[in-house]
Amino acid sequence: MKKLLVSLFIVFTTISFAQNEPFDRWSISYALGGHFWTKPMSSYKADLTNLQVSHHDINGRYMFNNRMGIMLDFGYNFFDFKGLDKQNTHFIRTTVQSVINIGDMIKLNTLSKRFGLLLHAGLGYSRMWQKVPAKISNDMVNMVIGITPQLRIAPRWSLKGDVSFVANHRQKYTFDFLGKLNTLNTLNFSGMFFDVSVGVTYHIGKNKNHADWVATKYCCGTENASSFSDTEIEDLKERIRLLEEHLKDDDNDGVINKRDLEPKSTAGAIVNSLGVTIEEVKDTDGDGLPDNIDECPTEPGRIMGCPDRDNDGIPDKDDECPDEYGKPENKGCPLAKETMERIKQISESTYFDTGKATIKSESFEGLNNFSTILKENPEVQVAIEGHTDNQGRVEFNLNLSKERAAAVREYIISQGVDPGRVTSEGYGDSRPIADNETEEGRAKNRRVEIHTSVKEIIEKGE
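Its first residue numbered 1, the sequence shown is counted upward by one per residue in our numbering.
Incorrect hints may appear among the rest.
Claimed, not checked - Simulated restraints, written as ranges between beta carbons of each label pair:
#, residue 1, residue 2, range
1, 331, 355, 36 to 46 Å
2, 257, 30, 47 to 57 Å
3, 266, 430, 37 to 47 Å
What the hints assert, rightly or not - Calculated lysine to aspartate or glutamate pairs in the EDC-like style (CA-CA distance at most 20 Å, straight line):
#, residue 1, residue 2
4, 344, 245
5, 375, 410
6, 402, 429
7, 360, 449
What the hints contain is simulated information worked out from the structure, not anything from laboratory work.
Yeah, the Cβ is synthetic: ideal placement off N, Cα and C, and Gly gets one too.
Sequences and hints are given; from them, build the entire structure.
Structure follows, in structure tokens:
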């Protein structure tokens with residue numbers, strides 16, 4: 001800590017001794033370019049045109065000194081989706097950004113006085129919208145970080161290039177507006193893309209140089225040592241000595257002597273802000289969350305330290321369907337508990353002719369009820385599994401299980417359920433749930449299982 005503070009003191013002291021000659025501080029810029037690596041989009045069918053001339057950027061900048069400044073930036077992007085005809089997205093952003101002249105910091109002027117390099121980053125407001133096929137929009141908070149190389153071509157003019165990374169917070173839709181993002185995700189599904197552009201900068205003022213092109217004079221280099229008197233240099237040395245004395249930490253526990261209530265702590269001890277040794281914090285399951293606040297201290301997990309096998313945002317300990325992606329209102333299940341139990345009864349009461357994939361008529365009522373449930377819950381998708389006992393040839397059992405699962409799928413589809421929501425697969429006798437050595441066990445193994453889960457709804461404008 002002491003070394004870090006001393007380093008920061010020296011850096012800011014150095015900045016304060018920047019070039020004293022007068023220089024201009026204001027500038028305006030315009031750039032034209034394109035975008036790439038735009039995410040997320042709901043479908044590759046949208047076919048976004050990348051690196052097209054579809055990005056405009058204009059900004060005004062004020063430099064506090066030759067190294068640091070502030071910038072107000074306005075950007076516009078047009079996302080042209082070739083696969084969606086006239087369904088295109090407009091995007092604007094307005095950000096306030098800090099600017100650092102890293103070209104001066106790395107002494108780029110020693111190579112050439114015409115080259116410069118700026119780093120910029122900040123936050124602001126962004127909005128994207130579509131007019132066709134329906135008017136829809138999304139307001140967001142955006143973050144921008146980028147780097148800008150410069151080439152000075154005249155006293156007041158310079159060419160520039162820029163590469164910026166743009167990220168949106170609380171983005172509700174994919175960039176093509178074909179998908180609505182799931183707000184249960186802990187990352188809030190931020191959208192992101194890169195802008196690449198080239199443009200010009202005009203430096204405003206009457207002085208010979210703008211801050212971008214003024215090199216810092218350093219206090220202690222032999223080249224500029226004559227710029228400072230011996231008294232000034234000795235004063236700096238004394239200030240640094242006093243600072244080092246103030247920041248002494250004899251027991252190296254990270255707390256300076258002046259604040260340390262336990263100035264001789266054991267080496268490696270964990271201490272509080274006053275230097276007093278505290279008990280070591282334990283993390284039994286190694287998930288990065290201390291046991292004292294970990295709701296599942298012996299199981300690694302991402303939600304308050306608890307596991308979430310189906311990644312639906314509900315920890316397994318509170319999830320009544322821990323292996324099926326579900327909803328909070330259903331306690332982690334795709335559907336209400338009563339409906340899930342009804343589906344289980346339907347799957348257990350689905351019968352076939354012996355050795356065939358023909359569904360018996362007494363099964364139709366249950367399957368009709370299940371089809372109604374699916375049509376009332378369009379966000380639910382279904383996986384149908386067929387299973388057999390171990391009697392007979394393996395190949396015959398496998399084919400029979402697949403045909404029976406497919407028969408149930410086709411029946412559900414015939415009742416008006418979207419085929420894209422229903423899949424089927426057969427596993428033969430490879431997944432028994434009971435002992436195949438008894439008739440009762442074999443009867444349980446001859447079954448059809450219906451599994452449900454929630455899928456993301458893709459919303460299309462009308």
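Going through the hints against the structure:
1. Between residue 331 and residue 355 the Cβ separation comes to about 41 Å, which falls inside the hinted range of 36 to 46 Å.
2. Separated by about 55 Å at the C-beta atoms, residue 257 and residue 30 satisfy the suggested range of 47 to 57 Å.
3. Roughly 59 Å separates the CB atoms of residue 266 and residue 430, a value that falls outside the hinted 37 to 47 Å.
4. For the hint pairing residue 344 with residue 245, the CA-to-CA distance comes to about 74 Å; that exceeds 20 Å, so the pair is violated.
5. For the hint linking residue 375 to residue 410, the alpha-carbon distance of about 15 Å falls within 20 Å, and the restraint holds.
6. A C-alpha spacing of about 11 Å is found between residue 402 and residue 429, which places the hinted pair at or below 20 Å, so the restraint holds.
7. For the given pair, residue 360 sits about 16 Å from residue 449 by alpha-carbon distance, which is consistent with the 20 Å threshold.
The structure is inconsistent with the numbered hints 3, 4, although it conforms to all the rest.
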